[in-house]
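Go ahead and model the full structure; you've got the sequences and the hints to work with.
Residue numbers (this note's numbering): 245 to 459.
FYI, nobody ran anything at the bench for these hints, they're computed from the structure.
Once the Cα atoms are required to be at most 25 Å apart in a straight line, the calculated PhoX-like pairs of lysine-lysine come out as:
1) 362 to 415
2) 367 to 457
3) 363 to 415
Pairwise CB distance ranges, derived in the manner of DEER restraints:
4) 437 to 284: 13 to 23 Å
5) 297 to 449: 34 to 44 Å
6) 251 to 389: 33 to 43 Å
7) 365 to 306: 41 to 51 Å
8) 455 to 271: 44 to 54 Å
9) 313 to 421: 33 to 43 Å
All values derive from a computational prediction rather than experimental measurement.
Glycine included, every Cβ here is placed at the ideal spot set by N, Cα and C.
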Amino acid sequence: MKKIFKQDLFFLSLLLVLSFVQLRFLFTPGLYTFSDEPHIANLYEMIRAVTGGQFPPRWAPDMSFNYGYPLFNFYYPLPFYLGSVFFLVFKLSLINSLKIVFGLSVILSGFSAYFFAKKFFSKATALSVAILYLYTPYRAVDLYVRGAIGEMWSFVFMPLVFLAIYNLVEKAGILNIMFLGISLALLILAHNLTAIIFVPIAVIFFLVLIISKKE
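Here's what the structure looks like:
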C-alpha cells in the first residue's frame, strides 16, 4: 500500500512540474492579453456581489451603466467564486487571483485525468494520458488565446464525472451517487455550455459500461 501511494505521489508530482512548465507565462507581471479580458471585470462584480451580502451571488451591480445586471443567473459562476476567495481571504490582487484560478484549472485537470485513466490502464500509461490531456493544443488556445476560464475548469470535472460513473457502475452506493452528483454539479457551475454538450456523452458512457458488464 505504501509503495502504491509513493508511486502515485511521484506521478502526481511529475504532473505538477509539467503543469508549471505549461503555466510559466502566467508568472510574468501584470495581466497577459487574451480574448476574454472582461473576466477581470466579471471577477470584480462577483466580489462586489459577495461583499454586498448576496448569497448566492446573482446581480452584478455595476453593469448596464450602473443599473446592474443579473449576470450570474446564467453566466458560469464557479471560476469567479474561486477568484473571489483568493481576493477576499488571501488579499491577492484581482489579476493575481484570476491567474491562480487559471493555473489551478490546469493542475487539477491533469490530476483528474490521471485518476480516471488509472481505471483502465497502468499508472505509467495513465500518466501519459494525463500529459496528453494537459498538452493538447486546444488547451493552450483556451489558456493563452481565448482566456476561456469556464472551459478550462470544465476540463477538471469531465474526467471526474466519467470516474464517478465508472465507480457507480462498479459499485452502487450512496458515496458514489454523491460523487457523481457533486462532480456533475461542479461541471455545470464551471461551464454550463460544456455541460450541455458533455452530458449526452456521459450518458452513452454509462450505457456502454452497463451493457459491457457480465452480471
